[in-house]
Amino acid sequence: MKSSLLVIDDCKLKIESFSSKITGVVPETVIDLDALAGEYVHIWVDEDGVYSLDPDRSHYWHIAELQVPPRRHRIDTEEVIQDGRTQNLDIAEGVTQGGRTQIREILVPLPVDLSMTEVTTRELPEPEEDLCL
Amino acid sequence: MSDQRVQYSEEIVGAGHPTKLDTLNRRGDVEHNTDGTHKAAALSTALAALTPVQFRESMDSACFSRGTSAFVGPAGVTIAHNLNTTDYHVIIEPSASPGGLLGEISYTKSANTVVIYNSGAAVTAFAYLLIKY
Numbered sequence: 316m317k318s319s320l321l322v323i324d325d326c327k328l329k330i331e332s333f334s335s336k337i338t339g340v341v342p343e344t345v346i347d348l349d350a351l352a353g354e355y356v357h358i359w360v361d362e363d364g365v366y367s368l369d370p371d372r373s374h375y376w377h378i379a380e381l382q383v384p385p386r387r388h389r390i391d392t393e394e395v396i397q398d399g400r401t402q403n404l405d406i407a408e409g410v411t412q413g414g415r416t417q418i419r420e421i422l423v424p425l426p427v428d429l430s431m432t433e434v435t436t437r438e439l440p441e442p443e444e445d446l447c448l
Numbered sequence: 040m041s042d043q044r045v046q047y048s049e050e051i052v053g054a055g056h057p058t059k060l061d062t063l064n065r066r067g068d069v070e071h072n073t074d075g076t077h078k079a080a081a082l083s084t085a086l087a088a089l090t091p092v093q094f095r096e097s098m099d100s101a102c103f104s105r106g107t108s109a110f111v112g113p114a115g116v117t118i119a120h121n122l123n124t125t126d127y128h129v130i131i132e133p134s135a136s137p138g139g140l141l142g143e144i145s146y147t148k149s150a151n152t153v154v155i156y157n158s159g160a161a162v163t164a165f166a167y168l169l170i171k172y
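Residue numbers (the working numbering), protein chains in the order written: chain H, 316 to 448; chain Y, 40 to 172.
These are computed hints drawn from the structure, not numbers from a lab.
Check the hints yourself; a few may be wrong.
As the list claims (entries may be wrong) - Pair ranges (Cβ atoms, derived):
id: 1; chain 1: Y; residue 1: Ala87; chain 2: H; residue 2: Lys317; range: 34 to 40 Å
id: 2; chain 1: H; residue 1: Leu321; chain 2: Y; residue 2: Arg44; range: 56 to 62 Å
id: 3; chain 1: Y; residue 1: Ser145; chain 2: H; residue 2: Ala350; range: 19 to 25 Å
Glycine included, each C-beta is placed from N, C-alpha and C at the ideal position.
Start from the sequences, fold in the hints, and give me the full structure.
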């Protein structure tokens, strides 16, 4: 049986609970991948049932992997008033530069959207007899 | 396994007693059948009946995993295996010239996969051998 993963709130992966001989019951977990925009991520679970994204050490079981899409930005305009105060304006409002104010474009980061991301999942651990002689 | 020898506090009892445990044959029974033949003999016979290819495949599935794959860079390429432990050595041998672009090779072990990373831009082929210890 493979692990069951669900994208929630655009940038989070919800991994359903499962149990195995080594880990015991691994509770349902939500992993926020927003800070990992643009990176390829592997998800492991350790013997104590805790998930990890750390590639620098061994883990009990490899659960899933995915390419987190790069962060996208929305272009907004910012009106700079002469006394130094600023006010955010949406570009759709058609504000034009002139008078005593200055308009400049700013990039507003958007949350990572995992809705179109393909997640590769792996079979969950099962007890297996050691056949090594 | 606990001490199977007859202790000074025990009675010497042979096989087949209606109520008492067989202490006389206890230690020998660990590795022998009732006719005195070794239990391992059946396994030896089974192994001897295998062709070299069948033997290799049998050993491969339990104690070794080997094959070929290709580097993908820092994202890491995942190799699935059936070793069901993290107690194994990882041997990576580039089988095509990376043209100086391989970088450093590292890996993350788990009981069902090993992820092979190279820090450079090379996406060339390699052979791998995983040996259980």
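Verification of the hints:
1. Y:Ala87 to H:Lys317: 34 to 40 Å: 39 Å, holds
2. H:Leu321 to Y:Arg44: 56 to 62 Å: 58 Å, holds
3. Y:Ser145 to H:Ala350: 19 to 25 Å: About 22 Å separates the Cβ atoms of Y:Ser145 and H:Ala350, which means 19 to 25 Å holds.
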